[in-house]
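A.B. asks: Letter by letter, the chains look like this.
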Amino acid sequence: MKLTRRHFFKFMGAAGASVAALPSSASAWESKAPPDPYGCLVDLTRCVGCRKCEEACSEVNGLPTPERPNCQCTIFEKKRRPDEKAFTVVNRYFTGKLDAFDNPLPTFVKVQCMHCQDPACVSACIVGALTKDETGTVRYDVSKCIGCRYCMVACPFEIPAYEYHDPITPRVMKCTFCYDRISKDGGIPGCATICPTEALTFGKRETLLKVANKKLKDNPGKYIQHVYGEREVGGTSWLYISAIPFDRLNLPVLPDTPSPKLSETIQHSLFSYLWSPLALFGVLGAVMSKSNKTAEKQQNKGGA
Amino acid sequence: MIKRIIFLVTCLILTPVLCVAEVWKAPDQERAKERAKEVVPFVTEYKNDDQITRRISLMDTGISIQDVTDTYFLLDSPIIKKREDHYEPVRFSHKRHANLTNDCSKCHHYRPKDDTALETTRCSACHQDSFNPDHPERIGLKAAYHQQCMACHQEQAKGPVDCKGCHLQNVPDHKELVNLPDNADPFQVTAECLRCHDTQAEDMLTTAHWLWKGPSPYTTGHRKDIMHGKGTTALNNY
Ligand code: SF4
Ligand code: SF4
Ligand code: SF4
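Top to bottom, those sequences are chains Y and V. Going from the first sequence to our numbering is simple: count from 1 and add 12. Going from the second sequence to our numbering is simple: count from 1 and add 291.
Think of the hints as simulated: they come from the structure by calculation, not from any bench. Honestly, I wouldn't trust all of these hints.
Pairs of lysine to aspartate or glutamate residues, derived as DMTMM-like cross-links and limited to a Cα-Cα distance of at most 25 Å, are as follows [claimed, not checked]: (1) Y:K226 <-> V:E336; (2) Y:K227 <-> Y:E242; (3) Y:K216 <-> V:D476.
Just some of the chain V residues that point at chain Y, by a computed CB distance under 8 Å [as the list claims (entries may be wrong)]: (4) D425; (5) Q438; (6) C443; (7) A448; (8) C454.
Cβ coordinates follow ideal geometry from the N, Cα and C atoms, glycine included.
So here's chain Y without its partners, still in its complex pose (with noise of 0.2 Å):
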């Protein structure tokens, strides 16, 4: 062993170099997040179970239709996840809230795609196919799609679903946010048009996030004062306001960084610091060879 006490503390040295750089080039990531994007404000006060927007969605997007459309019976005995044949789910929460009468108060939730505005799956898909648009859509493109599955590893709300069934032609399944809708001139997401009670609120996220806020201000006693996507992962284009804490509801609490910063810091750490891996095989083929040349010496030695 040839590698001398000295020559290690060098290459520690070298290496630990490297990594006091990263602050530095971590400071480079960049939000890549559209300006003025669209958005989708659910007041949970105001939703009222009747799962017409899972109706609604399987019709606009062509999915199967829901199981019991019309029939709210028993679909909420079970907590459901948007699926590879349904975007988006709305469930059922017993918080121990009760009516006038006593009753137990239900808060229904619907779930799908949040269309974060830096987007985990987004920075996880190696070929690009999943992107942030200008409108604040999510888009997935199949024809690029290699069937890796990373964004469903990466999304933070566990939303993409694989079409496993389909052996020839599997797809990546999650929300569209309805953009041939919403692209259009005053088009809006199949959800959002259907429903009763304007539980979903379509429009700029801005101007969302100005109407939820004042909701939060002007009914203190009604709402919990957090609107849920305002932040969380760097902020979503679809927003939650409730009377009920959201990890009660089962929308995970997040930080508000987004995912990618922080996955993206490192790996761009490591590409712009390429030089170090490189500079270790040098160091590793330098031991070698010299031990190499002391075995032949002493094989030489053996020899004589």
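Using the hints, position chain V with the ligands against chain Y.
C.D. replies: Chain V with the ligands alone, transformed into the frame defined by chain Y:
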């Protein structure tokens, strides 16, 4: 049997008569239909009174249930139809609701800022298209109806809160959908129904109509008897 023959004969005689005679239309319904088609100018600004102030000012103007001129409305509008058309309009007894609540401010919750405007202006003056970017906080007409009706029905524990309690669903014209030969036999007819209505068929298979099992609360002497029927005491297979 005789009754049935008489009925059929009467029908045969009456049919041509009915075809010629003009169909009677309920004047209220016709008026309501016409009214529902109107789109009035949008009220941009309203007086932001709280409910008690509003109630008092309505009382001060001397407006009461006696002033209700329109007893019956159809809650329908081209504003809603423009976006979607899934249900039949709701028939709304204005006067009856006024009597029941005895408080006009429950629905006429704000008034236009313009002092010359009507005190009890109609819903669709302030609530029109949804998601109007110029008035983002103003809900659309459809949502205004639903929020108002459902919330009050829930609060009062009176009146329907489910879709079909107020609406008839638009039933598609089955003339276009049903595809049967002339003089189809019963099996063909059933098969044709099942072509679309498979959920209903499955449900039917679990009911007493099919199983012939279960309590018979309306059969004297067998009210609690659950063991009569197909597969037990009866030998038919209808
Ligand atoms: S919710 Fe998930 S799938 Fe939707 S944009 Fe965000 S990361 Fe992507
Ligand atoms: S925005 Fe469109 S795709 Fe997304 S949940 Fe609503 S209807 Fe479905
Ligand atoms: S359509 Fe609106 S009210 Fe009905 S379940 Fe969906 S979000 Fe809730």
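A.B. asks: All hints, please: hold or fail.
C.D. replies: These are the hints, each one checked on the structure:
{"no.": "1", "hint": "Y:K226 <-> V:E336", "result": "18 Å, holds"}
{"no.": "2", "hint": "Y:K227 <-> Y:E242", "result": "14 Å, holds"}
{"no.": "3", "hint": "Y:K216 <-> V:D476", "result": "58 Å, violated"}
{"no.": "4", "hint": "D425", "result": "10 Å, violated"}
{"no.": "5", "hint": "Q438", "result": "5 Å, holds"}
{"no.": "6", "hint": "C443", "result": "12 Å, violated"}
{"no.": "7", "hint": "A448", "result": "6 Å, holds"}
{"no.": "8", "hint": "C454", "result": "7 Å, holds"}
Hints 3, 4, 6 from the list above are not met by this structure, while the remaining hints are.
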